[in-house]
Amino acid sequence: MRNFKQTIINITTSFLMLLFCYAAISKILDFENFQVQIAQSPLLSAYAGFVSYSVIIAELLIVALLMIPKARPAGLYASFGLMLAFTVYIYLILNYSDFVPCSCGGILEKMGWTEHLIFNTACVLLTLYAIMAQHKLKIEKSQIDEIKERRMLKRSRIWLATKLSIVTLLSSTLVISMFFSSEYIIKKENNFTRRFIPHGAILNTTYNLKIDSYYIIGIFKDNVILGNITTPLVLYTLNTKTTKIKKLIIKPDYINLPFKKLQLSTNPPFYYLYDGTIPIIYRGNLGESKVNTISYKNGYFNQLINIDSLNFVLRTQSRQNQAYTLATLHIDSLPQIELKSNILEKQSDGVFDVDGNILIDNRNKKIVYVYYYRNNFLVTDKNLQNIQRYNTISISTITTVKSKKLSNGLSKMVSPPPKVNGKSSVNNGTICIQSYLRGRHESKKQWANSFVIDFYSILQQEYLGSIYIAKPTKNSTIKSIQLQNKYLYIIVDRQLFRYHFVDRMIKKINKGEAENLTKSRQN
Numbered sequence: 022m023r024n025f026k027q028t029i030i031n032i033t034t035s036f037l038m039l040l041f042c043y044a045a046i047s048k049i050l051d052f053e054n055f056q057v058q059i060a061q062s063p064l065l066s067a068y069a070g071f072v073s074y075s076v077i078i079a080e081l082l083i084v085a086l087l088m089i090p091k092a093r094p095a096g097l098y099a100s101f102g103l104m105l106a107f108t109v110y111i112y113l114i115l116n117y118s119d120f121v122p123c124s125c126g127g128i129l130e131k132m133g134w135t136e137h138l139i140f141n142t143a144c145v146l147l148t149l150y151a152i153m154a155q156h157k158l159k160i161e162k163s164q165i166d167e168i169k170e171r172r173m174l175k176r177s178r179i180w181l182a183t184k185l186s187i188v189t190l191l192s193s194t195l196v197i198s199m200f201f202s203s204e205y206i207i208k209k210e211n212n213f214t215r216r217f218i219p220h221g222a223i224l225n226t227t228y229n230l231k232i233d234s235y236y237i238i239g240i241f242k243d244n245v246i247l248g249n250i251t252t253p254l255v256l257y258t259l260n261t262k263t264t265k266i267k268k269l270i271i272k273p274d275y276i277n278l279p280f281k282k283l284q285l286s287t288n289p290p291f292y293y294l295y296d297g298t299i300p301i302i303y304r305g306n307l308g309e310s311k312v313n314t315i316s317y318k319n320g321y322f323n324q325l326i327n328i329d330s331l332n333f334v335l336r337t338q339s340r341q342n343q344a345y346t347l348a349t350l351h352i353d354s355l356p357q358i359e360l361k362s363n364i365l366e367k368q369s370d371g372v373f374d375v376d377g378n379i380l381i382d383n384r385n386k387k388i389v390y391v392y393y394y395r396n397n398f399l400v401t402d403k404n405l406q407n408i409q410r411y412n413t414i415s416i417s418t419i420t421t422v423k424s425k426k427l428s429n430g431l432s433k434m435v436s437p438p439p440k441v442n443g444k445s446s447v448n449n450g451t452i453c454i455q456s457y458l459r460g461r462h463e464s465k466k467q468w469a470n471s472f473v474i475d476f477y478s479i480l481q482q483e484y485l486g487s488i489y490i491a492k493p494t495k496n497s498t499i500k501s502i503q504l505q506n507k508y509l510y511i512i513v514d515r516q517l518f519r520y521h522f523v524d525r526m527i528k529k530i531n532k533g534e535a536e537n538l539t540k541s542r543q544n
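Just so we're on the same page, our numbering is the position in the sequence shown counted from 1, plus 21.
Read the hints as simulated data drawn from the structure, not as lab findings.
We put the beta carbon where it would ideally sit given N, CA and C, even for glycine.
Some hints could be false.
Here are the simulated lysine to aspartate or glutamate pairs, EDC-like style, with alpha carbons at most 16 Å apart [to be verified]:
#1 K466 to D51
#2 K387 to D329
#3 K318 to D353
#4 K361 to D402
#5 K440 to D514
#6 K466 to E136
#7 K318 to E359
#8 K386 to D329
#9 K231 to D514
#10 K265 to D296
#11 K267 to D243
#12 K500 to D233
#13 K272 to D296
#14 K267 to E309
#15 K403 to E359
#16 K507 to D524
#17 K387 to D402
#18 K318 to D296
#19 K403 to D329
#20 K281 to D296
#21 K492 to D514
#22 K311 to D353
#23 K272 to E309
#24 K268 to E309
Pair by pair, the computed Cβ-Cβ distance ranges are [as the list claims (entries may be wrong)]:
#25 T264 to A491: 43 to 51 Å
#26 Y275 to D524: 48 to 56 Å
#27 S202 to L146: 28 to 36 Å
#28 D524 to L115: 17 to 25 Å
Please construct the entire structure, taking both the sequences and the accompanying hints into account.
Below, the structure written as structure tokens:
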């Protein structure tokens, strides 16, 4: 019996040394990928750096302890604690995680999560038996009488149970506390660690546009309504079922003007043609060529969105300091133009440092402004009141812009800062923003081959998660993006891609099952 116990101890020790040695070496050889996958764990995201190093060090230390005969008992206890921690982690993943992540390499790469839970549990029980057998052998080797042996055995069992309980409590508490604190950090104090939803959006359809000058102006039923910067007086309608594109030649009621930047927008049943350098705004019915002037020389602007057929939000420039400012335009009431100079916050020149994109959530009547060069976006009501300012999860809060004023009064950027946010779209309380900044523990290779889209709730002030969108080529750029219920439309180069959100992504977007976004302040 004694030989059997010793054999089990030796086999268990050898197995654990092989297991931890293999696990540590495989992690070291593919450390970047291991760290990236830990960062995508729904339980340990905030501690990816600490955990990735600590696990490898712990595994190598355990191997060293198991190799030394006198240190073997400590090695077995450490093995028991680490395997128990892994087991608790997998149990939490399977039962309390928002989603089950992809494998994290090593042995797990060859197993499913449930199979790995069974494997880990077996390892915990085997290690536990080896610890108990070693204690029994130690007592049996003692040269004492039977009565003392019984007393020693009783005390030893109490001491053994105490040590095992302490190790169990420490291992379980460590993993559970890291889970809750990691969730808090991601929700309240995000340290620029993204939560990628595995396969959150699946490519549904690809449309060949043949040229790269299209932009999306809206989605109406089964149609994608497009504008083209090279043919601004043509409205294009792509039928997503037939894949055919219809052209509508636009006929303004007054066209003898020096147009410089004609653009289109839509808010069914109307569409709008406008040029802020004139300035002029036309309105027409979808499907009809004729558009009529509804605003002429009411105020210059460089961006426009329509709230309804008679009310607009503009981005214009102040006459006093030439800084960008938002304004409302009311076609049928006075004053027609109302400047809101308190919304865009100047950090340097008031032009490039506040540059961004105006969006509208038609269903919720919310106006959103996404800054290009800082990690902020703001949300207001349709009258540009009740301003709420929020941070995205990136860490670039201050825009340092070097600009030069030209003789014609215009400003030119001399030293451009790194861009933080790119194309964006908002729909039904959710905004998606293309990010230009790589987060913590994200793969450089993945970034080189993908676009990253972050999702936020503008109603609940929450970060919803992120997805990768594969680039057709490494030099591809997003020309336009449109979020529409369960679909994401993206124009990249000469192609229009339609992505379909998977159920768990739709659930996050529609029901707000998300992480809280840090709210910088509210006016």
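Distance restraint between K361 and D402, which requires alpha-carbon spacing of 16 Å or less
holds, 13 Å
Take a quick look at whether K466 and D51 sit within 16 Å of each other, Cα to Cα.
holds, 13 Å
Assuming the hint says 48 to 56 Å, is it satisfied by the Cβ distance from Y275 to D524 or not?
Given a distance of about 50 Å, which is inside 48 to 56 Å, the answer is holds.
Is K387 within 16 Å of D329, Cα to Cα?
holds, 12 Å
Checking one constraint from the list: CA of K466 to CA of E136, max 16 Å. Satisfied?
Given that 16 Å is the threshold and the Cα spacing comes to 30 Å, the pair is violated.
Restraint status (C-alpha distance of K311 to D353 at most 16 Å)
violated, 21 Å
For the pair supplied as a hint, K318 and D353, confirm whether the alpha-carbon distance does not exceed 16 Å.
holds, 15 Å
Hinted pair K387 and D402, Cα distance within 16 Å:
holds, 5 Å
Next pair to validate is K318 with E359; report whether the Cα-Cα distance is within 16 Å.
At roughly 15 Å apart (the allowed maximum being 16 Å), E359 and K318 satisfy the hint.
Between T264 and A491, is the Cβ distance one that fits in 43 to 51 Å?
violated, 21 Å
Taking 28 to 36 Å as the stated bounds, is the beta-carbon spacing between S202 and L146 within them?
holds, 29 Å
16 Å Cα cutoff - pair K272, E309
holds, 9 Å
In terms of the numbered hints stated before, the structure departs from hints 5, 6, 10, 22, 25, listed from lowest to highest.
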